[in-house]
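Protein chains: 2
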Amino acid sequence: MEPPYLLFLGDVPDQLAAKTASGIVHWRPERCFGQLRLPGCRADLGLPDRTVAEARAAGVRTFVIGVANSGGILAESWTESILEAIAAGMDVASGLHMKLADMPRIAEAARARGVRLLDVRHPDRRFATGTGRRRSGRRLLTVGTDCSCGKMYTALAIEREMKRRGMKATFRATGQTGIMIAGEGVAIDAVVADFISGAVEWLAPDNEPDHWDVIEGQGSLFHPAFAGVSLGLLHGAQPDALVLCHEPTRRHMRGLPHQPLPDVEECMELNLRTARLTNREARFLGVSLNSSGLSEGERDRLFAELGERTGLPVVDPFVTGVGALVDRLA
Amino acid sequence: MEPPYLLFLGDVPDQLAAKTASGIVHWRPERCFGQLRLPGCRADLGLPDRTVAEARAAGVRTFVIGVANSGGILAESWTESILEAIAAGMDVASGLHMKLADMPRIAEAARARGVRLLDVRHPDRRFATGTGRRRSGRRLLTVGTDCSCGKMYTALAIEREMKRRGMKATFRATGQTGIMIAGEGVAIDAVVADFISGAVEWLAPDNEPDHWDVIEGQGSLFHPAFAGVSLGLLHGAQPDALVLCHEPTRRHMRGLPHQPLPDVEECMELNLRTARLTNREARFLGVSLNSSGLSEGERDRLFAELGERTGLPVVDPFVTGVGALVDRLA
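So the sequence lines, in the order shown, correspond to chains Y and U. Here the numbering used here is used: the first residue of the first sequence is 1, the next is one more, and so on. Here the numbering used here is used: the first residue of the second sequence is 1, the next is one more, and so on.
The shape of chain Y in the complex, shown without the other chains (with noise of 0.2 Å):
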């Protein structure tokens, strides 16, 4: 995905329907020129608002669909606006389930403008199987006790804290809200199963020794219905470090009552046990945190009582960022 971009949001009914442009907005400023809504539109992502004119007049290269809906589904009154930006020779790019080439007028007018059209859910290249060979340069990856607690987050958040510190680092995106945010990557649920760790070695490959990927995991080893994919992306990641996401109000796996969530310790050392498959050298740098539904008090608690039995830091990347982790690198 080529910056700058118009972030269009669509007519969505609330700010959580625009989280991955407000994920480009929080992590990429610096590629956002202006947001452009539709009548009716309630989020907002404090960016000056831009027609596909004045976009095409300041030189944006990507109309970004920054829109996050349950069903994945274009919506019919966003097409006007899509074939506006085809017509003024910007890509698209979308993260949603139903893909962009799949709709005729949209992709025929793709075609004449010759401008590329990014269903960045769906990848759109072969892989190779993996081969565990070692390869050069260093990766991190996050892993979590579950799905969606905090592994996409805490790994853009080390990746910052790395190029602050003037490391080398890039973030490496494995699902759709992340390659957004990269403008790259591979939505690693979406490939074939033969290929998951295939795919992961070849979207971190051999790269100078000093140079860190920060991986974002997928699921978790001990999610029934996606342990399969955190395995092969663990094996194809071949990390140097690992860091553990948690969410600790919650009380069952993602969308599964009756499955519960694994102990800390457990879940570090079964990742840590598979992970030694393809790195010897795999090592966990701390803890990662999303303490938003917890009292200050009790995030105080927790940090103390998870500090203290791992032996290892514990961070929040909103509240504490994750510079303890960094230093762990030192």
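Among the hints, erroneous ones may be present.
Treat identical chains as interchangeable: a pair holds within one or across any two.
What the hints assert, rightly or not - Simulated crosslink set (SDA-like; lysine to any residue; CA at most 20 Å straight-line):
hint	residue 1	residue 2
1	Lys-99	Arg-126
2	Lys-163	Asp-91
3	Lys-99	Arg-125
4	Lys-99	Gly-114
5	Lys-99	Glu-281
6	Lys-168	Gly-137
7	Lys-168	Arg-111
8	Lys-163	Gly-297
What the hints contain is simulated information worked out from the structure, not anything from laboratory work. Just so it is clear, the structure is predicted and the values come from calculations on it, not from any experiment.
Given chain Y's structure and the hints, the job is docking chain U onto it.
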């Protein structure tokens, strides 16, 4: 795949290239009406040679392309035979990578004649994500220290032994050869990563309390390319019983000279531990060896040694049968 079958061997250069057809004849002889070979064919299934016309007259329902070749190629020289079978009203089944449905003449003929093209390597349905919910009925899964070490053969032998004893049992195929033998199944390594365990939950659904699904395993938790597939399969299978398959002469993981094989005990322990995420009662029945590369003396020593180390029965389905494993379910 509806029986009876006419097994098509084309013009394959040797017996190994006919291994899919050989598997069908070995495990499902009652479904096989005859073989059809082109000039130059160097394989022989020991079945009568039959023409399409003879097969049609005898009520054959499916024309089975029983060939495995490295590229997964449908040879141009086979097209006339395939079209003849379609014209005779037969479905056509293939486990090759190249799809029948992608060959315009074949696709058009099948549509016109109203017969099915069964590309078993390519799942043709959507699956839900897994849930880990406990299902009724019982399940056995074969797992391995590596790929291609006897998981399909062992599962088929166990199904046969169970049926011989009057037990209710169904072999559940997860790879293309297994699907060609069973006549149905899911090529699990071709499923999109998010749906691995969900596909296995679909494949081995709720059943009678005393019914056994005998599920064909894939890959190995210790294979850097395919462990994700193996773990998703394990979680979706939620096995009550596991059998470890092992090829003792192998010095490294298949295709990866740098990757050592795991210890038998280590492999059993990790399978058991991860299986317990979806079935707390999971246990190993025993070990199934492919001992064809050993002398009789070596084999006997290894059987005794592994029996002592694991405290479980050790079999080679080809040599000893699998009765000692099934005994443990009584």
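query: What hints, given by number in increasing order, does this structure fail?
result: 2, 5, 7 and 8
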